[in-house]
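Protein chains: 2
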Amino acid sequence: MVRPIGVIDSGVGGMTVAKELMRQLPKESIVYIGDTKRCPYGPRTEEEVRTFTWEMVEHLKKHDIKMLVIACNTATAFTLNELKRKLEIPVLGVIEPGARAAITFSENKRIGVIGTEGTVRSQAYPEALKSIDESIHVNSQACPPFVPLVERGVLEGPEAEEVVKTTLKPLKDKNGIDTLILGCTHYPLIRDVIQNEMGASINVISSGEETAREASLILSYNHLQEKGNLPPIYKFYTTGDFHKFKKIADEWFEGPLDTFEVIELDPVEIF
Amino acid sequence: MVRPIGVIDSGVGGMTVAKELMRQLPKESIVYIGDTKRCPYGPRTEEEVRTFTWEMVEHLKKHDIKMLVIACNTATAFTLNELKRKLEIPVLGVIEPGARAAITFSENKRIGVIGTEGTVRSQAYPEALKSIDESIHVNSQACPPFVPLVERGVLEGPEAEEVVKTTLKPLKDKNGIDTLILGCTHYPLIRDVIQNEMGASINVISSGEETAREASLILSYNHLQEKGNLPPIYKFYTTGDFHKFKKIADEWFEGPLDTFEVIELDPVEIF
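If you're matching them up, the sequences are chains A and B in order.
The opening position of the first sequence corresponds to residue -14 in our numbering, with each subsequent residue numbered one higher.
The opening position of the second sequence corresponds to residue -14 in our numbering, with each subsequent residue numbered one higher.
To be clear, the hints were calculated from the coordinates, so they are not data collected in a lab.
One or more hints might be untrue.
The list makes no distinction among identical chains, and a pair is therefore deemed to hold if it is satisfied within one copy or across any two copies.
Said to hold, decoys possible - BS3-like mimics (lysine-lysine), calculated; alpha carbons at most 30 angstroms apart, straight line:
hint : residue 1 : residue 2
1    : 232       : 94
2    : 51        : 69
3    : 47        : 212
4    : 12        : 51
5    : 231       : 94
6    : 150       : 232
7    : 71        : 212
8    : 115       : 229
9    : 212       : 157
10   : 22        : 94
11   : 12        : 69
12   : 69        : 157
13   : 232       : 47
14   : 51        : 71
15   : 71        : 220
16   : 232       : 220
Take the sequences, apply the hints, and build the full model.
In structure tokens form, the structure reads like this:
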């Protein structure tokens, strides 16, 4: 019996991680939940984010997942340690992979991080970076307009360019970073616009690629890789609007997905 | 008490991994053994490589290492699974990190691998690559002249260029790869020469960087990162000529190392 990798996000952003999982681990099946109805998570309280995340996790347990990827930076910041402790499967967030990749790429040890208010408030990136190397200088900035932009499907063009330009101005003014972490899985969907605005010399790190690579290692380390030759199965669920979710998925993924449905999550008491 | 990371190699090649460990994990201490006296391992039998590797491992046990990095592709090919099973600390080789990185970088799924005769004969890279993605096409080639060249300290100039050109000709003639794995930790020391010969469009993957990154993840995953603020300690041992080993280390590392000694390894009975 094939056990899938579970992927959760506040909305469509985690698709950037899912797409990389499909590319780097083409034998693995995936079950994805995007909590689009309650997106964005960025401005929410820690308790809300924990509750919503547990609701997705409880739902995924029915699919007998063998690994959980929290493909949402805000949820990673608030729930990773708790989920690691309480679940018996490997749990990966998107923050440490991005931090480790940034350390590999940065030469001047000045690293920028953009994310939601929740992620920036949590200080999760500076902590992850400095726990590895205290001499790293981190410039963080919250970019609240980006997630709503992406969820509306505005991924390029004058509106996207204008929003990105205005939002990133303070970070650009503080010059000196050579590496920028896209600390929100929605942002790779507007990566080209961000790269253009920041300039070609900046290494832009997308957690999707990095997280998929670490997922590959953790599967191998725990002897959990899929060995058979059955084609992988991709199941995608949203708690929100079917058509908006589907439109972005159709643009983002190359082939069709096996299941695409709206679900309701059962309420969970957090402790 | 600070527990170091143990790094072993047939000679100086593993220094490319050690240097990346120092850069990406600046809090971690390192104990390195280069078995220069019996280098190269490439043409040796599996039994010899297993015996020599166990001798280095037994020596490292006295240093209470918390993780072992087999920074030698030949030794990884022949001993990784055995060491993983028999040691109680995490054990990392250099083959899977290189394979995973190649999968991330390659767009046309045609990947070249160069290494010692032993590594190529073991088929470890094609197996690692195809276990993740069967559709990958692998072109392997043994490059026996490279290790002696590097151990003599010839890292650039006309002799290095000529040897690299002649040796890589068959691989270049089989065109089509977009990514080349340096499947021997000695090769990054002549990386620029190899990149020039292959052309700028080829992604050249050095296991050092990739292995250090995976070491970072595995330390974190096992809660083994160094948390304190003591400066790291770097101890380097060779079984061979002190001055040749020291000369390459002085060229390769930026600062001085704490210990630099010739040792004799005790014989070990393998089972």
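- Message: Of all the hints numbered above, which does this structure not satisfy? Sort the numbers upward.
- Response: Hints 8, 9, 10, 12 not satisfied by this model.
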